[in-house]
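Given the coordinates of chain A, work out where chain B should sit on it, guided by the hints.
Chains as they are written, first to last, in numbering that gives the first Met the number 0: chain A, 0 to 193; chain B, 0 to 193.
Incorrect hints may appear among the rest.
[Stated by the list, open to error] Dumping the calculated PhoX-like pairs for lysine-lysine here, alpha-carbon to alpha-carbon at most 25 Å:
| # | chain 1 | residue 1 | chain 2 | residue 2 |
| --- | --- | --- | --- | --- |
| 1 | B | K80 | A | K79 |
| 2 | B | K39 | B | K20 |
| 3 | B | K80 | A | K80 |
These aren't lab readings, by the way, just hints derived from the structure by calculation.
Values in this document were obtained by computation on a predicted structure and should not be read as measured data.
Number of protein chains: 2
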Amino acid sequence: MNCLEKRILKDGVVKPGNVLKVDNFLNHQIDINLLDEMGKEFYERFKDKKVDKIVTIEASGIAIAFAVARYFNVPIVFAKKAKSVNIDGDVYIAEVESFTHKNKNQVIVSKKFINEGENILIVDDFLANGCALQGLISIIKQAKAKIIGIGIAVEKGFQPGGTIIRNLGYHLESLAIVDGMNSDTNEIILRNQN
Amino acid sequence: MNCLEKRILKDGVVKPGNVLKVDNFLNHQIDINLLDEMGKEFYERFKDKKVDKIVTIEASGIAIAFAVARYFNVPIVFAKKAKSVNIDGDVYIAEVESFTHKNKNQVIVSKKFINEGENILIVDDFLANGCALQGLISIIKQAKAKIIGIGIAVEKGFQPGGTIIRNLGYHLESLAIVDGMNSDTNEIILRNQN
Chain A
0 MNCLEKRILK DGVVKPGNVL KVDNFLNHQI DINLLDEMGK EFYERFKDKK
50 VDKIVTIEAS GIAIAFAVAR YFNVPIVFAK KAKSVNIDGD VYIAEVESFT
100 HKNKNQVIVS KKFINEGENI LIVDDFLANG CALQGLISII KQAKAKIIGI
150 GIAVEKGFQP GGTIIRNLGY HLESLAIVDG MNSDTNEIIL RNQN
Chain B
0 MNCLEKRILK DGVVKPGNVL KVDNFLNHQI DINLLDEMGK EFYERFKDKK
50 VDKIVTIEAS GIAIAFAVAR YFNVPIVFAK KAKSVNIDGD VYIAEVESFT
100 HKNKNQVIVS KKFINEGENI LIVDDFLANG CALQGLISII KQAKAKIIGI
150 GIAVEKGFQP GGTIIRNLGY HLESLAIVDG MNSDTNEIIL RNQN
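Next up, chain A with everything else stripped away, as it sits in the complex (with noise of 0.2 Å):
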């Protein structure tokens, strides 16, 4: 088990309805011992291929990528999450549907900082159904930027977002793969990865 697993199956909280917080240590407060280790176990997978920069979105994605970019030693760019609203400048801009809340969100990155040829790997803390991810791989290919790779913090493995961007042939990385969560218990089955 890596550092991440270990430490959602000691600090995550299950609450009903398939939620499970993980603001202990990730997406409220940051331990960031944690945090590096993380980071280090990202480079060791991905650092077979060339990386000009770690593309993220806001908020609780900045932290992880700022970890990882460490030890690539490149410059992060985070995206940014707007309602469906028009945006003045010089943008990227991916309308990407919430399956859950049926709602439009906007993500939006300057053109100036995806350039084309450029080798970007994506990082962010939670895959769910996908939508943000979505969006940030559809600004990415607007760029003519390749995608050398995707990490995930926690992804939820009954939900479809994992099994749709690997089938696309990405190469994903999920640190966490959460099968199954039960509130009553605080059971949390995660995905034998090895």
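Just chain B now, kept in the frame of chain A:
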């Protein structure tokens, strides 16, 4: 001049309406080596005090907080922003009014992540009128924790936020204080802090 002041003069872009764009290195694309230097600089300025936790606000404060937290080897907590809605759960909420936009927003932190008596260093990217910062201070006071200092990357010296915070007796350190800008010439006037 410190690392950030040099970088602002080199890569900062002035837009009409006293807008300083630093999105090339600080709050959209992030230069991790610059942030590491900034983290070290904040550490030098606050290292004589006991720091238990770094508190910031999403989104662009998170990367700076991470860089500072590595030097102090303490956790980060980032406050969430929300429109004025009811939020469930055991949280501290500060409702802050934007002086500029006249709208109200909420700054929210789970009660479990700020404890009575903890020594808090607040970190954020920008200080202009200080609306978000006032909300953070309010929350830390609600939690009966102690604000040992406030570290800001870029203070707009021609707006009142910094003066108010210093008048209130807080130890505020801004790596760069911008006293004036000209969008026609891209001139940026930094306060001499030596």
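- Hint consistency between K39 of chain B and K20 of chain B [alpha-carbon to alpha-carbon, up to 25 Å]: holds (23 Å)
- Task: Assess, step by step, whether the Cα of K80 of chain B is no farther than 25 Å from the Cα of K79 of chain A, and give holds or violated.
- Result: This hinted pair holds, its Cα atoms lying about 14 Å apart.
- Message: Checking one constraint from the list: CA of K80 of chain B to CA of K80 of chain A, max 25 Å. Satisfied?
- Response: holds (13 Å)
In this structure, every one of the numbered hints holds.
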